[in-house]
Amino acid sequence: DTGVSQNPRHKITKRGQNVTFRCDPISEHNRLYWYRQTLGQGPEFLTYFQNEAQLEKSRLLSDRFSAERPKGSFSTLEIQRTEQGDSAMYLCASSFQGGNNEQFFGPGTRLTVL
Amino acid sequence: AQTVTQSQPEMSVQEAETVTLSCTYDTSESDYYLFWYKQPPSRQMILVIRQEAYKQQNATENRFSVNFQKAAKSFSLKISDSQLGDAAMYFCAYRPGQGGSEKLVFGKGTKLTVNP
Numbered sequence: 009d010t011g012v013s014q015n016p017r018h019k020i021t022k023r024g025q026n027v028t029f030r031c032d033p034i035s036e037h038n039r040l041y042w043y044r045q046t047l048g049q050g051p052e053f054l055t056y057f058q059n060e061a062q063l064e065k066s067r068l069l070s071d072r073f074s075a076e077r078p079k080g081s082f083s084t085l086e087i088q089r090t091e092q093g094d095s096a097m098y099l100c101a102s103s104f105q106g107g108n109n110e111q112f113f114g115p116g117t118r119l120t121v122l
Numbered sequence: 134a135q136t137v138t139q140s141q142p143e144m145s146v147q148e149a150e151t152v153t154l155s156c157t158y159d160t161s162e163s164d165y166y167l168f169w170y171k172q173p174p175s176r177q178m179i180l181v182i183r184q185e186a187y188k189q190q191n192a193t194e195n196r197f198s199v200n201f202q203k204a205a206k207s208f209s210l211k212i213s214d215s216q217l218g219d220a221a222m223y224f225c226a227y228r229p230g231q232g233g234s235e236k237l238v239f240g241k242g243t244k245l246t247v248n249p
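Going line by line, the protein sequences match chains A and B.
By our numbering, the letter at position 57 of the first sequence is numbered 65, and the numbering carries on one by one without gaps.
By our numbering, the letter at position 35 of the second sequence is numbered 168, and the numbering carries on one by one without gaps.
Just so you know, not all the hints are guaranteed correct.
When the alpha-carbon atoms are kept at most 30 angstroms apart in a straight line, the in silico DSSO-like pairs for lysine-lysine are as follows [unchecked claim]:
1) B:Lys241 x A:Lys19
2) B:Lys203 x A:Lys65
3) B:Lys241 x B:Lys211
4) B:Lys241 x A:Lys22
5) B:Lys244 x B:Lys206
6) A:Lys65 x B:Lys206
7) B:Lys211 x B:Lys244
8) A:Lys22 x A:Lys65
9) B:Lys211 x B:Lys188
10) B:Lys244 x A:Lys19
11) B:Lys206 x B:Lys241
12) B:Lys203 x B:Lys244
13) B:Lys241 x A:Lys65
Partial selection, computed: residues in chain B whose CB lies under 8 angstroms from chain A [unchecked claim]:
14) Met144
15) Lys236
16) Gly240
17) Gly242
The hints are simulated quantities; they were obtained by calculation from the structure and are not laboratory data.
Model, not experiment: these values are computed from the prediction.
Just so you know, even glycine gets a beta-carbon here, dropped at the ideal spot from N, CA and C.
Pulled out of the complex, with its shape left as it was, chain A reads as follows (with noise of 0.2 angstroms):
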C-alpha cells in the first residue's frame, strides 16, 4: 500500500496524559499536512511542513501541539495535557509540490479523551 499511512488509528487516554501520533506520507510527496474532524465538522487545518520546515501553523495549534518532520520524512503530531475537548479524528494529508498540489489523506487518528 503506496498511500499515506497513520497510527494508531485509535487512541483512548486519560485527559492530562500526553499522546503522539504519526504520519507516513507517500513517498516522493514533499508537502505533509494535518487537519482535525470533530464530529459533524468538516477538516480543519493545523498545520503543514514542506520537507522537513514547518511553514504553516493554524491558530488552532495551541501550545500544547507540537508537530514535527524532523527527515523530511515521516510526521509526528504530539499533543501534551490532553483535555476532553482534543477529542476527534487527526487527518494527514501529504502532497507533491509541482504536481496539481492534490493532497491525499490517511485514514486518519481518532482520539478519545476521558
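Mind docking chain B on chain A? Use the hints.
Below, chain B alone, put in the same frame as chain A:
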C-alpha cells in the same frame, strides 16, 4: 478569511438517479482552487473532482460534474446515475492559488444516502 458553506446537511437519492450537492464560498481572491472530497463511512477521504478558478469550463470526472459560477461564488456537484457506493459524506473545499496558503478550507459536509 475564506469560508465554505454547504447548506444541505443531508441529501438522499434513488439509485440511478441524479443528485446535486450545493456549495458556496467567500473569498476576495481571484486565483484559487475548489474541490469536492468524498469520505465514506470509516474510510479515508478521497478527491472526487477539482476546479481551477481561472478555467471557465466546468470540470467533469465520469459521473461527477460541477457547476462553477465564479461571480456567484457557487460550486455545486452533480452526481449522475447514482450508485450505492456513492453513499458518503461529501465535503466542498477551497484553497488559494499559487503563492497563497496551502491549507484547504472545508465546509461542514453533506451526508449523501443512496436508496436502492
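Against the structure, the hints come out as follows:
For the hint pairing B:Lys241 with A:Lys19, the CA-to-CA distance comes to about 24 angstroms; that is within 30 angstroms, so the pair holds. With a CA separation close to 29 angstroms, the supplied pair B:Lys203 and A:Lys65 stays within the 30 angstroms bound. Proximity of B:Lys241 to B:Lys211 is assessed by CA-CA distance (about 18 angstroms); at most 30 angstroms being required, the pair is judged to hold. Pair hint B:Lys241 plus A:Lys22 holds up; C-alpha atoms about 28 angstroms apart against a cutoff of 30 angstroms.
Taking the CA atoms of B:Lys244 and B:Lys206, the gap is about 22 angstroms. The hint holds against a cut of 30 angstroms. With a C-alpha separation of about 27 angstroms, the suggested pairing of A:Lys65 with B:Lys206 holds against the 30 angstroms cut-off. Restraint check for B:Lys211 and B:Lys244: the C-alpha separation of about 14 angstroms stays at or below 30 angstroms, so the hint holds. With a CA separation close to 26 angstroms, the supplied pair A:Lys22 and A:Lys65 stays within the 30 angstroms bound.
About 18 angstroms separates the Cα atoms of B:Lys211 and B:Lys188, which keeps this hinted pair within 30 angstroms; it holds. Simply put, B:Lys244 and A:Lys19 have alpha-carbon atoms about 26 angstroms apart, close enough for the 30 angstroms limit, and the pair holds. The suggested pairing of B:Lys206 with B:Lys241 holds, with an alpha-carbon distance near 17 angstroms, which does not exceed 30 angstroms. With a C-alpha separation of about 25 angstroms, the suggested pair B:Lys203 and B:Lys244 falls inside the 30 angstroms cut-off, and the hint holds.
For a cut-off of 30 angstroms, the pair hint linking B:Lys241 to A:Lys65 stands: about 21 angstroms separates their Cα positions. For B:Met144, the shortest C-beta to C-beta distance to chain A is roughly 15 angstroms, which exceeds 8 angstroms, and the interface hint is violated. At about 4 angstroms, the closest approach between the beta carbon of B:Lys236 and any beta carbon in chain A falls short of 8 angstroms, and the interface hint on this residue holds. The criterion of a C-beta within 8 angstroms of any C-beta in chain A is met by B:Gly240, whose closest approach is roughly 5 angstroms, and the hint holds.
A cut of 8 angstroms between beta carbons decides the hint on B:Gly242: the least distance to chain A is about 5 angstroms, and the hint holds.
When held up to the earlier numbered hints, the structure conflicts with hint 14 and nothing else.
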